[in-house]
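Colleague: Each chain, letter by letter, is given below.
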Amino acid sequence: MRWKWLIPAIYIVFLLLPIYWLVNMSLKNNDEILSIFSLWPQNLTFDNYRVIFTDSSWYSGYINSMIYVSINVLISVTFALPAAYAFSRYSFVGDKHLFFWLLTNRMAPPAVFALPFFQLYSSIGLFDTHIAVAIAHCLFNLPLAVWILEGFMSGIPKEIDETAFVDGYSWIRFFIKIFIPNIASGIGVTAFFCFMFSWVELLLARTLTAVNAKPISAIMTRTVSASGLDWGVLAAAGVLTILPGVLVIWFVRNHIAKGFALGRV
Amino acid sequence: MANITLKEIAHSYTGYSDNPDDYALKKLNLTWRDGGAYALLGPSGCGKTTLLNIISGLLTPTSGQVLFNDEDVTHLPTEKRNIAQIFQFPVIYDTMTVFQNLAFPLKNRGRTKTEIEPRVIQLANMLGLEKDLYTKAQHLTADAKQKISLGRGLIRQSVNAILFDEPLTVIDPQLKWELRSQLKYLHKQFGFTMIYVTHDQTEALTFADEVIVMYEGEIVQVGTPEALFERPAHTFVGYFIGSPGMNIAPCELHGNRAVIEGHEITLDCSYREQPASAKVEVGIRPEYLSLAGPGQAGLPVKIVKVDDIGRHKIARVALNSREFHVVMPELASMTGDQASLIFDTAHTNIYVNDHLIAGEQP
Amino acid sequence: MIAKQTNQKAWFMVLPVFLVVAFSAVIPLMTVVNYSFQDTFGNNQFFWVGIDWFKDLMHSERFHDAFLRQLLFSGIILMIEVPLGIFIALAMPKKGWGVPVCLISMALPLLIPWNVVGTIWQIFGRVDIGLLGHSLASLGFDYNYTQEPIAAWITIIVMDVWHWTSLVVLLAYAGLCSIPDAYYQAAKIDGASRLSVFRYIQLPKMQRVLLIAILLRFMDSFMIYTEPFVITGGGPGNSTTFMSIDLVKMAIGQFDLGPAAAMSLVYFLVILLLSWVFYTVMSNIGEESSNGGA
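Chains as they are written, first to last, in this note's numbering: chain A, 68 to 332; chain B, 10 to 371; chain C, -7 to 286.
These are calculated hints, taken from the structure and not from any lab test.
A couple of the hints might just be wrong.
To be verified - Taking lysine-lysine and the BS3-like style, the derived pairs with C-alpha atoms no more than 27 Å apart in a straight line are:
#1 Lys180(C) to Lys116(B)
#2 Lys1(C) to Lys16(B)
#3 Lys197(C) to Lys116(B)
#4 Lys322(B) to Lys311(B)
#5 Lys163(A) to Lys1(C)
Using the sequences and the hints, build the whole thing.
Modeller: Below, the structure written as structure tokens:
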């Protein structure tokens, strides 16, 4: 099948075309967009990007998003590590049920939680804070993190734990110095997926924020409903949201390959 | 059925190269007679699987030709070569029953149901699979699955040769014996050419009429199991075959005298002087060494350890710092820790740069 | 392998996760359950109405429509994305420079914030400024996703295929890569056709990952909110108002707590039930040709 490579090639072109179009638009100013239709900018301009970098109502969105995503990844990985260890190494009352219950939260429609979260976080005074969104996203990220990490941990023989304890390591020291380096690629995969699902989520992030912690996704959708829409700036904002994703893929590409090979995800 | 000839075959996984180290298979010539049972023996990485894949067509050699009965099949794809290959782990079609698995090669070649059914049943009976014929193949044990793989290889009557790539690796030891016997029985029944790759000398020596020993991409010796045992052409063969392997010690060679660790023994033949840079070694199998009491004729050795294997004993003795293994009869016993080592010179070989050299009768 | 030891102290390790998820899940769900059985006069005063809201919901045409729309959408999505994903995974290179190029470019749509995915396609589909819309218009098609329900549906479906097929591709590819070469070699020797290789070797070995892919795509497509919201807002009319969009409209837009709560519970239960059915059916298909004996 000499033409087999055409299939992924066509698919990749299909994937990149709309992204290309977005980049194309981000480099034109709004007037040009509305008047001339062209495959590449006639008057290349970085004005749209300049707006975003200088107008705090835009760039604060990115900063807010990065803040709560980072908090979420940190919480998810940190809390999931001991929990995954417990599931992997021990059996205890209700362990199977607990594991299953955790997974069902991944199946929960965010729409169901939009209003209750709004009321809950308002009532404890955490409305419009980064921590609120970070914790809200834990609803689906924590089960995912535990699930992925448990898979990786089960691949490490228990004999390693036993040896360390016999050698006199305290549990903390063993965990940090021996265990974690062994599952480094697993932590990489987990952090990647937690980042991904938190970064892309809109509904909960928008519901729980107003001004102070407003993520970029909300700012962009707000712009949509306003009149006098500036397509160029919108496109530029969109392009900028894709960049962290690209960077993350680039940095974890080796971990992802190994993670896939281990068959857990 | 066919004679298989490998002419000037060499293979490098990185394509044509001037550097001999790139070649997984150095240049070789080999003929496999129709109907013979051959073993390809060697350690891991010596090139035996490469050779097997060249015969079956899964690999095209960098240079050289493969001939089936004088017909050049070097570039013929695998399915046209009428070869069967059995792999290290059972390769079965999980979703099919045993019957369907066995019938698959025949179905693909357009045979009708009336032709297929009796043949599958006959083969299943021979392999002991008749009880499970309509069970899904995935539910069976590892050795049953390997039998299915074997069956799929044997099902086609017009097969040119059957190639085995270490097929008993995943089988439990007690079943290995049963499967080996079955293979020998099937060979007698059908008379296919069978080429059996293994790193286990017991398998090779019991299965084959002729053994080809490979080492680092080269064929070091071809011969019957007896020939390999008695006159290993290469120190590697001596070391690899036999349990324990041949004792090999550096020596100085002067005519018909060999000096080992400062002690002299007289050999049956005279040997030419060797260049000073050559590596000269004496090789003798533990079966051809014996021990006598201390102070008797023979080399003075210290007894390090004696292991009782059951039917015989193996003594480890040291001449200065060089160790030798000696096979002793079951009832022999040695007192003290000194002894004399006696060489059976009729079975003492001399190796120069790892290759056996012949001497001249005095 | 040492068996798992029983150690109830392990609960301490699980406690942080349990508390956070319980806080995020149980408490809100309890409020939802609470609202679903009550009505209000306003001013935060509630009174018990039993299962009235549920009865209303079952008879509500609005709910039926949203539910059917959602089923149709998820069904179409699964029927396109799963075969397509497998097809592309089969065609992907196994080694060489093509592998990282494929993996990275295919992962890209998965990492774009969902509202941006919506924005990209909102722009792309417009006749005045979008490549797709403009090209279709110049070819003579009467394409307008803001006014034509069919066009809106097609746009959203193509967008979802663009967005999520890569997930199926990557999972299927991971499954394919785990098949040892010897299987393909044996198939060659057996004279198997390309179709037989797919049917008897590749598909069975990909079963486990395909199950994960199908479950994930079903669940996520059933919960879809952001992308259609950005592109069409649920329109034209309510032709693309899927269940999540309808629910949010009711809960936050109209603040109809009771009906929204009842719908939320039914929605969640439906997903759990359908996921369980999917999972059981698919792992049974798997069970018949795997596992079982020694």
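Colleague: Next step is simple, just say for each hint if it's right about the structure.
Modeller: Hint-by-hint comparison with the structure:
1. Lys180(C) to Lys116(B): holds (14 Å)
2. Lys1(C) to Lys16(B): violated (70 Å)
3. Lys197(C) to Lys116(B): The hint holds at about 22 Å.
4. Lys322(B) to Lys311(B): Distance of about 16 Å is within 27 Å: holds.
5. Lys163(A) to Lys1(C): Distance of about 16 Å is within 27 Å: holds.
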